[in-house]
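Line by line, the protein sequences are chains A and R.
Numbering of the first sequence is given in the numbering used here, commencing with residue 1 and proceeding in unit increments.
Numbering of the second sequence is given in the numbering used here, commencing with residue 1001 and proceeding in unit increments.
Derived by calculation from the structure, the hints in this document are not laboratory data.
The reader is advised that the hints may include incorrect statements.
[Claimed, not checked] Derived coverage of chain A by chain R (criterion: at least 3 residues anywhere in the stretch with Cβ under 8 Å from a Cβ of chain R; other residues may be distant):
id: 1; segment: 466 to 476
id: 2; segment: 559 to 568
id: 3; segment: 572 to 585
id: 4; segment: 724 to 738
Ideal placement from N, C-alpha and C gives every residue a C-beta, glycine not left out.
Chain by chain, the residues run as shown.
There are 2 protein chains.
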Amino acid sequence: MKDYIKIHPWSIVEEGFDASRNKVSESLFSIGNGRMGQRANFEEAFTGPTLKGSYIAGIYYPDKTRVGWWKNGYPEYFAKVLNSVSWNSLDISVDGTPIDMAGTAPLHFRRELDMKNGLLKRKFTVNIRGNFIHAETERFCSMHRKNLGVIRYSITAEKDCTITISSGLNGDVRNQDANYDEFFWENTATGFFEQPVAWLSQQTRKTNFGVYALCRHKWNEGLAPLKTDTYKTDLSAGMGYTFALKAGETLTFEKYCIILSDLYVNRNAFSQQGFQEIQDAYDAGFDTLKKEQTNAWEAIWKNCDIQIEGDDSAQQAIRFNIFQLFQTYTGDDARLNIGPKGFTGEKYGGSTYWDTEAYCIPFYLGTASPDVARNLLLYRYHQLPRAIENAEKLGFTHGAALYPMVTMNGEECHNEWEITFEEIHRNGAIAYAIYDYINYTGDEEYMISHGLEVLIGIARFWAQRVNWSNDKKKYVMLGVTGPNEFENNVNNNWYTNYMAAWCMRYAAEQYEKLAKTNSSRLSEIRDKTKLDYSEIQNWIKIQSNMHFPYDAERNVFLQQDGFLDKELIPVSQLPASQRPIVEHWSWDRILRSCYIKQADVLQGFYFFEDDFDIESHRRHFDFYEPFTVHESSLSPCIHSILANKIGNEEKAYEFYLRTARLDLNDINNDTCDGCHITSMAGTWMTISKGFAGIRIRNGKLHLDPALPTNWNSMRFNLRFRENLLGINIGKKGITVQNIEGSPTEIICNTKPYAISAAGEIFIP
Amino acid sequence: MKDYIKIHPWSIVEEGFDASRNKVSESLFSIGNGRMGQRANFEEAFTGPTLKGSYIAGIYYPDKTRVGWWKNGYPEYFAKVLNSVSWNSLDISVDGTPIDMAGTAPLHFRRELDMKNGLLKRKFTVNIRGNFIHAETERFCSMHRKNLGVIRYSITAEKDCTITISSGLNGDVRNQDANYDEFFWENTATGFFEQPVAWLSQQTRKTNFGVYALCRHKWNEGLAPLKTDTYKTDLSAGMGYTFALKAGETLTFEKYCIILSDLYVNRNAFSQQGFQEIQDAYDAGFDTLKKEQTNAWEAIWKNCDIQIEGDDSAQQAIRFNIFQLFQTYTGDDARLNIGPKGFTGEKYGGSTYWDTEAYCIPFYLGTASPDVARNLLLYRYHQLPRAIENAEKLGFTHGAALYPMVTMNGEECHNEWEITFEEIHRNGAIAYAIYDYINYTGDEEYMISHGLEVLIGIARFWAQRVNWSNDKKKYVMLGVTGPNEFENNVNNNWYTNYMAAWCMRYAAEQYEKLAKTNSSRLSEIRDKTKLDYSEIQNWIKIQSNMHFPYDAERNVFLQQDGFLDKELIPVSQLPASQRPIVEHWSWDRILRSCYIKQADVLQGFYFFEDDFDIESHRRHFDFYEPFTVHESSLSPCIHSILANKIGNEEKAYEFYLRTARLDLNDINNDTCDGCHITSMAGTWMTISKGFAGIRIRNGKLHLDPALPTNWNSMRFNLRFRENLLGINIGKKGITVQNIEGSPTEIICNTKPYAISAAGEIFIP
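Looking at chain A on its own, in the form it has when it is part of the complex (with noise of 0.2 Å):
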């Protein structure tokens, strides 16, 4: 665990250089814009531990798989998201000698990525023979205008010198996770237009997107450089500016860079749309690019900040993990999802896993438009031809869908069987997010036009995925992973039947809501879909006669067939020198243990808490929470909202910590190669269903606080439905405000409020 980040309610602040911990830097101060991001490399030259990354939203490349034995039904190829064009360098040398960290290791060194303002800061002073060069830096992906990144860097010397820089466009480019070490870019042109801009276009290989970037460079007025001139190589192209500093003047250089795709722009318009975003931005210039972008961050906080009282380590940690999450998606683009390290790194390929549905979904659902939730949804409905088309593959028949474990463009990315083929109840989270977003929004629309049609998919699928068996009497599910991943090929995976059978239930009952409602589009979706009639008897028959592993003794429903065999010993008595498990033990010892990776059992109890009681919540909690090692980021933030829900306030507050901080501390030793965004969800959570027992019943909002004990007051904005709510939980009480939208009614401790337009109420 490293704690070198200062405690700041706004900020994340390093001071003091570390090369050693740069790469963890790199991935916490990244920035992005939804539509591109990058990790904070340094500007200037570093010759120290990088890992340098460029990422641009929705650009692709299908690696070639690489397995030690082949299985059949995997993936030949596998879409990974690409390191592209890096335009954050400038190459800088005083006196021919070049800034490189290091090379020279700082005097002070301050790194800060302003969260309030979305922006990357940098403050740093060097000595090169004698002269102490003072830098500044300013870096920002603009939210304003998705195209643009910007950089502002300063340097003020204390002598008199000779600052050269070298800046443009780089493509030669490489993923460091690829497979075979291919080099994924073709069809590289660089050029000039006149001023001068330098241009780069470039295309990847196989996928063939498109990519065309822009840079221009201004610099203060009074300091005319020496020298200029431009370098243009296959694969970069760039501008040299030989400047001479008198002691004690500053040279303000910036970079400005449009970086466009052919997502969004069509190839024939690269150059002239280029050119002329790049020259408004040069005209705008740098205070009011950076103007536009505080003003969209303020409106992001608007919707979904939160403020902690009494407690600046939380406070620090809920902000950064919700600035990172609108970093990586803002919602506009159906065709994009959230990597689970964002633009924040390489690993596991950039690509969208059940995390958005099971954690994303519910953020955006409370800190943004609906828009972008629904657009997470439509996304995995675009793709239900190509998770029909895997299902077929794996055997599958008549329109059952498989959703794919991992994937970017709806083929499956991943392979390994015990995942790729069995961990199939990321088939019922994508279900349960319709149901989730429904039940948050109210827009029902969204199923007649969309959702049933998944929905069907689904419940095809769960119902040819169980078999009868004549031995127990009941349908089981064989050979499957739970969400705990520590337990491979398993049968009846308690978490996995549950929710197959709730999809084939919710599947049915929607089809009957639909027959009543509207029944032309019934059967058009039945025209569609082939569906027959029998089909819904049969969902409705298999979800009632499915079988649920039990423990008649503990009365606990039990996370697998057998599991009652293993050596129950809790985690507790583990020796720390054997933890993470994973790290240290074989894996056919991981899985005959009973350590459980994430919530199993106890994720089915999140998702579906009203159909247990507290008691039963209590005692599930207690007899698997000691087994739990919590090995997946994505394991405390549920143990906390079910610990908060069951009174258990300190393990709710210990599992906070654990995930709200997870990349600042570095706990898993893995924040160099990204962090871990879609936990960042999760984190958000902990706090509005955790400690503030946020849940939606019947369209209405309740709330069910229970603030840790160490903090003064929580407040944080939530939109729902057409109202912007102010939740205020303090020691005495709970001030609700009712910012945006007509009156409403919300539900606190069971007891319903009024709170009329632009009004407020105390609960005390």
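Use these hints to put chain R onto chain A, whose structure you have.
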């Protein structure tokens, strides 16, 4: 299934050339002498489909592991048999046009593997620019001179022509199955002695095995070459010869090659010994060397031939199986073992599997000196320290030994978690082989000198691998893969549990026995293994309280917990289009199906048949066989033996043909990769243990024959202790001849019969 091989009692014959089947033929016609071997690649150039392969026993390379997703415990590297110096090429041109059957289809073509004499022969005619060229070749790896390979290539032309021959040693050889396309050899040097003799020296990267090869040529005396020269590159050396051949005249060109490895010859002696051996071979001449070869094979066949009257196809097949086994392993070196493809291909890395113990040891026990099987046991004995290390790597302690799934030098060479970490029943086969060897040979001394140490390591492993189930109040074994690899990570695989219990019991018994007979040796072993008597007590306790899945209704043991939850649909109802299922179904579908790849519960019945009555055999065969797809080459033989036992003649014969002609008919469409060498030992067992019903009980040989109805008789020699017995099973009765050894007694159909020295008995 390909059936182009002509039926012949002593030869494998191909008539007419079809390039599309060449890779299958290259496997089938492979030659070897236990020390080296090679695929039947043509001597002359061939530009059609080919897999070039020349291998040297015991020379391996640690190839870097390739996995998709790394699991803790996987080996970083694993040993792989190498394609090594190619010595069997003779590039031949007629008036400047190369002989290449891919370019010029032969008018006549006959390839023969003469199994009686251990010779690979070819005879063909090609038309080269109107000149009919008749060629005859003979090639062998000498069984008498283990480092020698010889080729005789005779050419007769119908018109005057110029023949040029380029022949030498080529070190530029690669493995097609290299994980990262690495070149495995280094420090190649080439050169010439006068005469000329070409030499090539090479060593393997990382493992530094040295190889030294030489070649020299001879031709018929009357034909002086017009021209001779030599060629030499970094990786090859050889000679060129040009002959003027008159119409009707025959050029008989001979190539003598010596291949030394530093497993047997000190590198400093390479050149001296190599030069001596090549001169000796050259001086002896082809006919003498061929006579030696014939004599050597005659001696082998004397011990092991099986003659089947009335079924030429079965006759050819059994001889082919026996021939390939003796080409692969001759048993004089305990460092060597039997790769699944022998010297016939690269697949499976040429490493040792449990096939050796379960299938090959019975074969060599019955057909060769006991030293051969003993060397196979010693191979594992010498690797015991590595097996202990391997177990430690997986978290076991205190001298527990887990033999690798696949190995060359004792280290694990496999990386699929469900196999590497879980297919642990292999450990049992290694213990069983000790029992099998001692039971067959009566060499009780082996237990004292070596066996018990191995048994202790193995018993310790099982004792740590099980756990007490509070639920079942039994010891259970969780997360294993049984012999049926179409199930992974199951709980309580009956076979594995049964094997484990037996191992612990056997080890405890042998311990107690030694305590009574040789307490000083016992205390030596106790000191060496740090064994405490409480361990023995623990083994006894565990084995008597082990859980064995069982179905009371059917009165059958279940392959694993939960087996009856599956849909039990017999294989006969599977559409032919879906078989083999491993090629048509995704892995998850296979896993959750009831289909069995190879004998699993039935493998246990095969090993421990006397623990179960005949009715129990029948019930279990009738229950499991209908679900068995036999997609392992090791399956049909066990089923044939058991079918014989329960009197199901039809099945016994059906499975015999399937195992015996597996490669000759390319039943699994994979003989192109090499022959299934280890399963060939299973073929021999179907005859000896199946149709002849041979068992060893209490030091006596039992016979209980059931001749297939379409066979007139079968006759085979069998080594049993100091006797060589000739057993003839005919329609009218059984003749047993005491060919070698003192008077003995056999038991036939439960009745004892005495046989005098050199005597013969007839049992009607």
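What hints, given by number in increasing order, does this structure fail? 4
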